[in-house]
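Residue numbers (the numbering used here), protein chains in the order written: chain V, 1 to 317; chain Y, 1001 to 1298.
Keep in mind the hints are simulated off the structure, nothing from the lab.
These numbers come from a predicted model, not from an experiment.
In this text, a Cβ means the ideal position worked out from N, Cα and C, and glycines have one as well.
Incorrect hints may appear among the rest.
To be verified - What follows is a set of in silico ranges between Cβ atoms, one per label pair, in the way DEER data are often shown:
| hint | chain 1 | residue 1 | chain 2 | residue 2 | range |
| --- | --- | --- | --- | --- | --- |
| 1 | Y | F1142 | V | A180 | 51 to 57 Å |
| 2 | V | R215 | Y | A1038 | 27 to 33 Å |
| 3 | V | F231 | Y | E1253 | 47 to 53 Å |
| 4 | Y | T1199 | V | G126 | 43 to 49 Å |
| 5 | Y | A1016 | V | L134 | 20 to 26 Å |
| 6 | V | V50 | Y | E1253 | 27 to 33 Å |
| 7 | Y | A1038 | V | V266 | 23 to 29 Å |
Unchecked claim - Here are a few chain V residues that sit away from chain Y, every Cβ distance over 12 Å (derived from the structure):
| hint | residue |
| --- | --- |
| 8 | P79 |
| 9 | G89 |
| 10 | Q92 |
| 11 | I195 |
| 12 | G216 |
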Amino acid sequence: MPSLESRLTACIAAVVGGVAVAALGLWQVPRPDTWFLLAVASVMILLGTVGILFFERAPQVSLWAALGTIGVLAVTVIPLIWVVVLAAGGDQTPATLFGGDLSGFASPLDDERFADLAANSAAAAGAATLLGLLIGGAVAYPLARGRMRGRRAARLFVWASLFIPVVALVGPWSVRLIDAGLLDTPFALVSSFLILTVPICAAGLLFVGDRVDARGFALAESEGATRWQRFRRVTVPTVGPGVLGVAALAFLAVWNDLLVSATVTVWQTETVGVWARSLADPSGQAGLLVVWLVPALAALFLVVRAADSILVQERSS
Amino acid sequence: MSAAEFPARGPAGRAARGWILAGPALLLMAVVLVVPLAVAVHTSLYRTTFTGPDTFVGFDQYAALLTSTSWWSAVATTLVLATAIAGFQVILGFVVALTMRYAPRLRRTLALAVLIPFAVLPYAWTASWFAALDGGYLATWFGLDELGTPASLAAIVAAETWRGVGLAAVLCYVGLHRMSPRLLESARADGASLRLRLTRVMVPAAAPALAIAFGLRLLDTVRLFDPAVVARDYPGAEQPDVLGAAIFTAYAERGELGLASSAALLTVALTGIVALLVWLSGRLIARLRRRAVDRALT
């Protein structure tokens, strides 16, 4: 339970912070952004005041956490609002965060090339993630569960692979692709994306495997569960969220990639990441960001779920 | 051969099975990662271009890079930017992690909120920060007239910091998650103030996780690429000399394959040195922490 001093400090911080935000809104920021900052300031000042008046009645509520939540949501939401406003702004960059008209939203869906590029990105990301999971899983499983000689060196290799600069790998690989006449082909794209997905999958699955509590498997075996029952009732719930989370991370890395695609594609297999560069104005790029973020959010849900599941398992074990 | 001679069961058998499973996959992984590096080593020894004949030059290109001021300037810029970005990410990530710890019901929502920038298209994301500082809402709010060097660097640092705060927050949260609640209870019972609890209990308890988070984010940010490319493409923006973007330009746009390969391998070596420094710092922090605990116990 938070101490009196801690709660009082949180209340004062909320009020002072609220006043500072209100001052910025009133003296520095033009309308209609002023109203947004005044709304944030009001919530903060209200939180501080309510905290001072009622901290005896609800001691279980952490005022620091409430203040932090407001701050986190504000600083996360503002840049995202800006992206939407920018996308709707057209050639002229909007000077304020609010007050624009969303009817001019620059949607990439209107461009005839977008569907082909999105298909390239999705197919390459799917294939590279699947192959990455297969290779990474085959590497991670024995390294996480086995006790063989040379295991530490192999684990170090897996972790180190995660931080090798991608440009140092994809550049030389593109030289070989040029020599073989394979540049700008699906093979070039998927094989190059493995440089991204294999290290993420191997290291990620190793991390997941290290944190799996093996007692559940042993218990199910001793209870006489069949192989299928053990897989369905123990393996899938224990490892499933982690594997999906790792797959989502690898998928996101490829989904948003610019470097690899820009090095090994020219036109035929170009991806959305490279196309973003060819859009001349920030407005079009912002529109692309918004549309391209929607499928990525689904992958992000899986990542958050996986992280949560691993933490819960760690605590229970 | 009898059954007893073939180690199918027991520790030796398990080890053999482990390598039978892991061996081919590790080999495949090595092919994906080591073959390009081997190609880079070979290419770096030649002056190779897209069109002209290959000329063997030995280690001349490495020597040329290591004696060039522009190379060292790019190294310095990359390291300074990466350190600043990783530092901001860990500080903000720790604040978010503290919030997640004390608002457990909102943990998933907060994690999702701070991880959203990680899922956005990095090129367009950085461009939106440049636009915000170049006549956009940030320029209006803070009275900025033009997109000079400070604003360009601020756009890169802000865009990249926001993209990685979520990951840093998750790493910091893991560290805080492992901290025993009794530790804080005891400090509170002993009358430790908020500042003392934060500086003497929470930060030291989370120090290994913070060090790991900083190290991992630093190693990831050394590979900085997209923001540097945006800075080059954005009209009127300052173009920081970043290793990743310079190597990409040499490979894909200027066709200086040999020189680019030499630079790529030197960058791998630099990343290795940074990783070694991060590992040594982690060990030092762990040793200092152990010593502090021993001192407190005695």
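Hints, one by one, checked against the model:
The supplied range of 51 to 57 Å is met by Y/F1142 and V/A180, whose beta-carbon atoms lie about 52 Å from each other. For V/R215 paired with Y/A1038, a C-beta distance near 44 Å fails the hint of 27 to 33 Å. Judged by the Cβ atoms, the range 47 to 53 Å given for V/F231 and Y/E1253 holds: they are separated by roughly 50 Å. Judged by the Cβ atoms, the range 43 to 49 Å given for Y/T1199 and V/G126 holds: they are separated by roughly 48 Å.
Between Y/A1016 and V/L134, the C-beta spacing of about 22 Å keeps the proposed range 20 to 26 Å intact. At about 58 Å, the beta-carbon gap between V/V50 and Y/E1253 misses the expected band of 27 to 33 Å. For the pair Y/A1038 and V/V266, the supplied restraint of 23 to 29 Å holds, since their beta-carbon distance comes to about 25 Å. The non-interface label for V/P79 is inconsistent with chain Y: the shortest C-beta to C-beta separation is roughly 6 Å, within 12 Å.
For V/G89, the requirement that its beta carbon stay farther than 12 Å from each beta carbon of chain Y is not met, with the minimum near 9 Å. At roughly 9 Å, the least C-beta separation between V/Q92 and chain Y is not larger than 12 Å, which violates its mark as non-interface. Consistency note on V/I195: stated as away from chain Y, yet its beta-carbon is not over 12 Å from all of that chain's, at 6 Å minimum. Here V/G216 stays apart from chain Y, with its beta-carbon at least about 20 Å from theirs, past the 12 Å limit.
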